[in-house]
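Line order of the protein sequences matches chains F and U. Its first residue numbered 1, the first sequence is counted upward by one per residue in the UniProt record's numbering. Its first residue numbered 1, the second sequence is counted upward by one per residue in the UniProt record's numbering.
FYI, nobody ran anything at the bench for these hints, they're computed from the structure. One thing to keep in mind: the hints can contain errors.
Keeping only pairs whose Cα atoms sit at most 20 Å apart, straight-line, the calculated EDC-like set for lysine to aspartate or glutamate is [unchecked claim]: (1) Lys92(U) with Asp106(F); (2) Lys92(U) with Glu108(F); (3) Lys133(U) with Glu103(F).
Quick caveat: nothing in here was measured; it's all calculated off a predicted structure.
These are the residues of each chain, in order.
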Amino acid sequence: MGWIGETMDSIKSIQIRQLLTQAVSLGMIVTSALIIWKALMCITGSESPVVVVLSGSMEPGFKRGDILFLHMSKDPIRAGEIVVFNVDGREIPIVHRVIKVHERQDGEVDILTKGDNNYGDDRLLYAQGQLWLQRHHIMGRAVGFLPYVGWVTIIMTEKPIIKYILIGALGLLVITSKD
Amino acid sequence: MHSFGYRANALFTFAITILALVCAMASLSDSLNSPSPSAHVQVLNINWFQKQPNGNDEVSMTMNISADLQSLFTWNTKQVFVFLAAEYETPKNSLNQISLWDGIIPSKEHAKFWIHTSNKYRFIDQGRNLRGKEFNLTMHWHVMPKTGKMFADKIVMPGYRLPEEYR
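Bound conformation, chain U alone:
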């Protein structure tokens, strides 16, 4: 009953239980945080805008992205993955989401940033619908915890419009 094996087993089981409990509590404590992030994006220039040989529209633009995501960070946050997506509707597709830029924020010190960039991923439509198209720019973020549940949210910034003509 009090052999070495039993004691080792009991100790191990207890240690694992406590560890699991602490992990669960760390994950739960994230939901006590109510973040208030802010983001602002300015489209500075349409670098070029054309129809590809296969018939799909493609556009390249330069943007100014600024955001303050410091309030997303808690003690259980490993990193925040942030990306900016263009979202629009076409006759064929009820939703198009195209990631234009993304970044990994490793710590709270880097969570208030300002970046001047052209789109990192190609902005290509499935078709020829981009001329004069109104689109939303949406700042999404995915919080990766040290352990536990991942969560995500976004800020939608409506009212952007592409030019009427190719250039």
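Here chain F stands alone, though its shape is the one from the complex:
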């Protein structure tokens, strides 16, 4: 493994000027990631433009570890759409399909959802006594789909040690890169 020795050498030979350049380039990487995320938030209008599916309640359409792209527009919500919603008193957002819509003249809307793979509707998941979701519960609707990619985040949240190893390795790579 010659490249480990090389890496050690390059750490030893770091000059102050080089150190600053590395710090700046590291900062560039972090900020550009942040810029992309915030830009996505602006474009999609959703506070979390990308969500990872965590449960199998929408199988076989969406499996655990799939990624959904969300969009939040002023368009009215209609039956059949897959929405991401937050229920009061629950931290984790849920991705399910709308099965009933009652929209009043003034635009206020009552929504009932259900997971494709669940037997019954979602009233059991809602807050105690809640029969309908309103507009403010909805975080966005799913418009696009990418399989498997979400496993990266699932693994990282469930096994934090892998996250630290990965971050450490990447950091070392950035610090020791020569250009």
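We have chain F already, so just place chain U on it with the hints.
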């Protein structure tokens, strides 16, 4: 410059780029498909029709649903989610959509179907407006791709009417 790390990185970046490009192309190829689905629904019987104790109308019906959705399937289609919704207007609500039946079509072979069923989800109004109410039955479908953009469309079938009296 030509260390193991650099080469691995370059290879990985290239592989991911190609994969993303192929996924995007697969998703784009869906828009070349111009489907021509057909659907037909017959309401065979109103099983019962009554006012619930809390004042909302509820109806149960038996339907005959037939559809041919084979043209929706492309090589990038994982499944098609299809559902039949009753849609109507009331003085209080400008739109009511109530899903009556739904199904998941896993492949093209199953996309031409015929089913005799009563409503899978309860047909309950928000109020007492269902007597003599005219409603549309709309066949909606949502195509779930193997990757990329999801799309949806519908066929509206107007001209259904509920009975004037509870039974």
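Tested hints:
Restraint check for Lys92(U) and Asp106(F): satisfied, since their Cα atoms lie roughly 10 Å apart, inside the 20 Å limit. Proposed proximity of Lys92(U) and Glu108(F) is supported: the alpha carbons are some 11 Å apart, at most 20 Å. For the proposed pair Lys133(U) and Glu103(F), the alpha carbon gap of about 17 Å is at most 20 Å, so the pair holds.
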